[in-house]
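Per the UniProt record's numbering, the very first residue in the sequence shown carries number 1; after that it's consecutive.
No lab work stands behind these hints, which were simulated from the structure alone. For each residue, glycine too, the CB sits at the ideal point set by N, CA and C. Hints may contain errors.
[Unchecked claim] Label pairs and their in silico Cβ distance ranges:
#	residue 1	residue 2	range
1	Ser147	Ala192	16 to 24 angstroms
2	Asp176	Leu13	37 to 45 angstroms
3	Ala130	His181	36 to 44 angstroms
4	Asp60	Leu24	16 to 24 angstroms
5	Pro68	Leu13	18 to 26 angstroms
6	Met5	Glu191	24 to 32 angstroms
7	Pro114	Ala192	27 to 35 angstroms
[As the list claims (entries may be wrong)] Okay, derived cross-link-like pairs now, PhoX-like style, lysine-lysine, Cα gap no bigger than 20 angstroms in a straight line:
#	residue 1	residue 2
8	Lys99	Lys153
9	Lys153	Lys63
10	Lys153	Lys165
11	Lys99	Lys77
12	Lys99	Lys179
13	Lys165	Lys179
14	Lys67	Lys165
15	Lys77	Lys179
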Amino acid sequence: MSHAMTSESLETLFTGAHTHSAWLDTPVSDEQISEIYHLLRLGPTSANCSPARFLFVRSDEAKARLKPTLSAGNVEKTMSAPVTAIVAWDPAFFEQLPKLFPYADARSWFTSSPELAQETAFRNSSMQAAYLISACRALGLHTGPMSGFDREKVDAEFFAASGWKSNLLINIGYGDPAKTHSRLPRLAFEEACVLA
Numbered sequence: 001m002s003h004a005m006t007s008e009s010l011e012t013l014f015t016g017a018h019t020h021s022a023w024l025d026t027p028v029s030d031e032q033i034s035e036i037y038h039l040l041r042l043g044p045t046s047a048n049c050s051p052a053r054f055l056f057v058r059s060d061e062a063k064a065r066l067k068p069t070l071s072a073g074n075v076e077k078t079m080s081a082p083v084t085a086i087v088a089w090d091p092a093f094f095e096q097l098p099k100l101f102p103y104a105d106a107r108s109w110f111t112s113s114p115e116l117a118q119e120t121a122f123r124n125s126s127m128q129a130a131y132l133i134s135a136c137r138a139l140g141l142h143t144g145p146m147s148g149f150d151r152e153k154v155d156a157e158f159f160a161a162s163g164w165k166s167n168l169l170i171n172i173g174y175g176d177p178a179k180t181h182s183r184l185p186r187l188a189f190e191e192a193c194v195l196a
């Protein structure tokens with residue numbers, strides 16, 4: 001049964017949440033990373049296609065490989081984050097559809113249209129990135145999503161074997177409250193929404 005969240009829960013997920021760029025020296029455990037995934041995977045995707053793939057960069061070696069792919073303004077905050085999730089999408093995501101969506105031959109929808117497959121994978125992996133942010137917040141972690149990186153370099157460095165394609169990066173950890181910026185303005189309802 002669905003019911004409205006408490007104001008405290010809404011504050012955790014939305015009204016009190018911020019993007020973070022500075023991090024406390026507090027680790028994020030493998031168990032926490034696993035819990036994040038177990039929550040985010042429950043978010044809906046079209047035909048349950050679940051095209052997102054996640055590489056969690058946390059070792060010094062992996063950070064050193066990621067560093068040259070970052071835009072200059074993203075280096076310090078990424079290197080100091082306990083974890084950076086590379087949210088990617090699998091171009092062959094549809095091979096999992098017989099298991100994930102057994103109600104129809106959904107695989108054939110995408111094998112016959114590479115354009116539809118790519119559009120679907122990118123759109124739905126973007127939604128899954130948002131679920132990752134929500135899962136982190138729900139578990140008491142903070143995030144800093146970014147698109148300032150060289151996608152081709154990331155793909156060559158981390159996904160040459162799998163063929164996955166990077167979408168965005170999300171730093172994960174415990175934000176430094178002394179270095180949290182005030183919330184930037186958002187568009188008003190009348191500026192962003194139309195009732196038809």
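To see whether the hints hold, each was checked on the structure:
1. Against the hinted window of 16 to 24 angstroms, the Cβ-Cβ separation of Ser147 and Ala192 comes to about 20 angstroms, which satisfies the hint.
2. Remark: the range hint 37 to 45 angstroms for Asp176 to Leu13 is contradicted by a beta-carbon distance near 20 angstroms.
3. For the pair Ala130 and His181, the beta carbons lie near 21 angstroms from each other, so the given range of 36 to 44 angstroms is not met.
4. Evaluation of the 16 to 24 angstroms hint for Asp60 and Leu24 yields a pass: the beta carbon distance comes to about 18 angstroms.
5. In this structure the hint that Pro68 and Leu13 lie 18 to 26 angstroms apart at CB is violated, the actual value being about 34 angstroms.
6. Taking the beta carbon of each, Met5 and Glu191 are about 26 angstroms apart, inside 24 to 32 angstroms as hinted.
7. For the pair Pro114 and Ala192, the supplied restraint of 27 to 35 angstroms holds, since their beta-carbon distance comes to about 33 angstroms.
8. Note on Lys99 and Lys153: the hinted pairing is violated, with a Cα-Cα distance of about 32 angstroms set against a maximum of 20 angstroms.
9. At most 20 angstroms may separate the alpha-carbon atoms for a hinted pair to count; Lys153 and Lys63 meet this at roughly 14 angstroms.
10. Straight-line distance between C-alpha atoms of Lys153 and Lys165 comes to about 11 angstroms, which keeps the hinted pair within the 20 angstroms bound.
11. With a C-alpha separation of about 39 angstroms, the suggested pair Lys99 and Lys77 falls outside the 20 angstroms cut-off, and the hint is violated.
12. Between Lys99 and Lys179 the CA atoms are separated by roughly 45 angstroms; this puts the pair beyond 20 angstroms, and the hint is violated.
13. A distance of roughly 32 angstroms separates the Cα atoms of Lys165 and Lys179; the hinted pair therefore is violated under the 20 angstroms criterion.
14. Only pairs whose Cα atoms come within 20 angstroms are accepted, and Lys67 paired with Lys165 is accepted, the gap being roughly 18 angstroms.
15. Among the hinted pairs, Lys77 with Lys179 is consistent with the structure: their alpha-carbon atoms are about 12 angstroms apart, no more than 20 angstroms.
Violation of the numbered hints given earlier is confined to hints 2, 3, 5, 8, 11, 12 and 13; the remaining hints are satisfied by the structure.
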